[in-house]
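Asks: Since the structure of chain A is already known, use the hints to place chain B on it.
As you go down the protein sequences, you meet chains A and B in turn.
Numbering-wise (the working numbering), the first sequence opens with residue 36 and increments by one.
Numbering-wise (the working numbering), the second sequence opens with residue 74 and increments by one.
Certain hints may be false.
Said to hold, decoys possible - 20 angstroms max Cα-Cα, derived EDC-like pairs, lysine to aspartate or glutamate:
#  : chain 1 : residue 1 : chain 2 : residue 2
1  : A       : Lys102    : A       : Glu40
2  : B       : Lys114    : A       : Glu38
3  : B       : Lys117    : B       : Glu158
4  : B       : Lys114    : B       : Asp176
5  : B       : Lys117    : A       : Glu80
6  : B       : Lys124    : B       : Asp103
7  : B       : Lys114    : A       : Glu80
8  : B       : Lys117    : A       : Glu40
9  : B       : Lys117    : A       : Glu92
10 : B       : Lys114    : A       : Glu40
Keep in mind the hints are simulated off the structure, nothing from the lab.
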Amino acid sequence: QKEVEQNSGPLSVPEGAIASLNCTYSDRGSQSFFWYRQYSGKSPELIMSIYSNGDKEDGRFTAQLNKASQYVSLLIRDSQPSDSATYLCAVNMGDYGGATNKLIFGTGTLLAVQP
Amino acid sequence: EAGVTQFPSHSVIEKGQTVTLRCDPISGHDNLYWYRRVMGKEIKFLLHFVKESKQDESGMPNNRFLAERTGGTYSTLKVQPAELEDSGVYFCASSQRIGGLADTQYFGPGTRLTVL
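Chain B on its own, in the form it takes in the complex:
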């Protein structure tokens, strides 16, 4: 069974440009999460989809970030316009159950974003 995949693995862009990150969850997983790790800091939650609906977007830093999950399959996270402080590793995770606390989240390899 394929794990969570993310594309691209690395992205280097100039300040002010737009970048779109993609996540393909494990097949059949309704829950999809985005997290971010800024250098030297802990991994932080951004948002949670259940199928195509945004369940919790309390971690989204500002309106320059837009996440979508059309059709409840893969998800994209767009940053527009990118700022220097957006640099970091963006992780996607997926899990199977809707609701319930005993739910294992499986992480993708991450996208390393560098904004110059």
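Chain A on its own, in the form it takes in the complex:
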């Protein structure tokens, strides 16, 4: 079992729709969760971070975390063609004494927003 799992997609949604991206993780003790967006050939760019159960909203983006189910998701409202990219789920599985903060990534979900 992979430590962080995502559906590779592609996930195709029409412009203006809600895109829903999902991620599950294996380490029940994980505390920090991140969504990065990566355009082809570019560096991963942080979109959202979430640490507590529930929803966190930032503009058109909402991250949802359910630690009991080991599940984190990203919702993109009013999807735009410019949102077309690979979305990477990353989980901090570092030393909880604070010594290291390595990220474990999923393979990413390719999102295609159709105009």
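Replies: Relative to chain A, chain B alone:
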């Protein structure tokens, strides 16, 4: 403020040769991380520096890889000798806080390494 920079952007070398990748973190960031993405796979952690010290090198694949961060500023990752399976994109990331889990890592553009 300048972001994380990496050099070179692309490198093509023959099997058995040596390659050195460089990363300049965001100014003032004590944490520096190296990651690698092999084609078709997920981004994988290689190692983590706090200032000039190696905090975690659990992801380094073997002793052909040597990372340094002299003076706690820029870092280099040397692969010697390079093998075909070393091909991929090498990302560097930096973050500000030492310790703590709520720490955002900012990624550089990556170095695409091709070993022929």
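Asks: Check whether the Cα positions of lysine 117 of chain B and glutamate 158 of chain B lie no farther apart than 20 angstroms.
Replies: Since the Cα atoms of lysine 117 of chain B and glutamate 158 of chain B sit roughly 14 angstroms apart, the hinted pair holds (cutoff 20 angstroms).
Asks: Next pair to validate is lysine 124 of chain B with aspartate 103 of chain B; report whether the Cα-Cα distance is within 20 angstroms.
Replies: Holds: lysine 124 of chain B and aspartate 103 of chain B sit about 5 angstroms apart, inside 20 angstroms.
Asks: Sort out whether glutamate 40 of chain A lies within 20 angstroms of lysine 114 of chain B, counting only the CA atoms.
Replies: 12 angstroms, holds
Asks: Lysine 114 of chain B and aspartate 176 of chain B were given as a pair; does the straight-line alpha-carbon distance stay at or below 20 angstroms?
Replies: Measuring from Cα to Cα gives roughly 25 angstroms; hence the hint is violated.
Asks: Check whether the Cα positions of lysine 117 of chain B and glutamate 40 of chain A lie no farther apart than 20 angstroms.
Replies: Answer holds: lysine 117 of chain B to glutamate 40 of chain A is near 13 angstroms, not above 20 angstroms.
Asks: Just to be careful, I want the Cα atoms of lysine 114 of chain B and glutamate 38 of chain A compared with a cutoff of 20 angstroms; is the pair within it?
Replies: Distance of about 13 angstroms is within 20 angstroms: holds.
Asks: When you check the alpha-carbon spacing of lysine 117 of chain B and glutamate 80 of chain A, does it fall within 20 angstroms?
Replies: 16 angstroms, holds
Asks: Check whether the Cα positions of lysine 117 of chain B and glutamate 92 of chain A lie no farther apart than 20 angstroms.
Replies: With a Cα-Cα distance of about 28 angstroms, the restraint between lysine 117 of chain B and glutamate 92 of chain A is violated, given a limit of 20 angstroms.
Asks: Does glutamate 80 of chain A sit within 20 angstroms of lysine 114 of chain B, going by the straight-line distance between their CA atoms?
Replies: Status holds; Cα separation ~18 angstroms.
Asks: Is the straight-line distance between the alpha-carbon of lysine 102 of chain A and that of glutamate 40 of chain A 20 angstroms or less?
Replies: 15 angstroms, holds
The structure shown violates the earlier hints numbered 4, 9.
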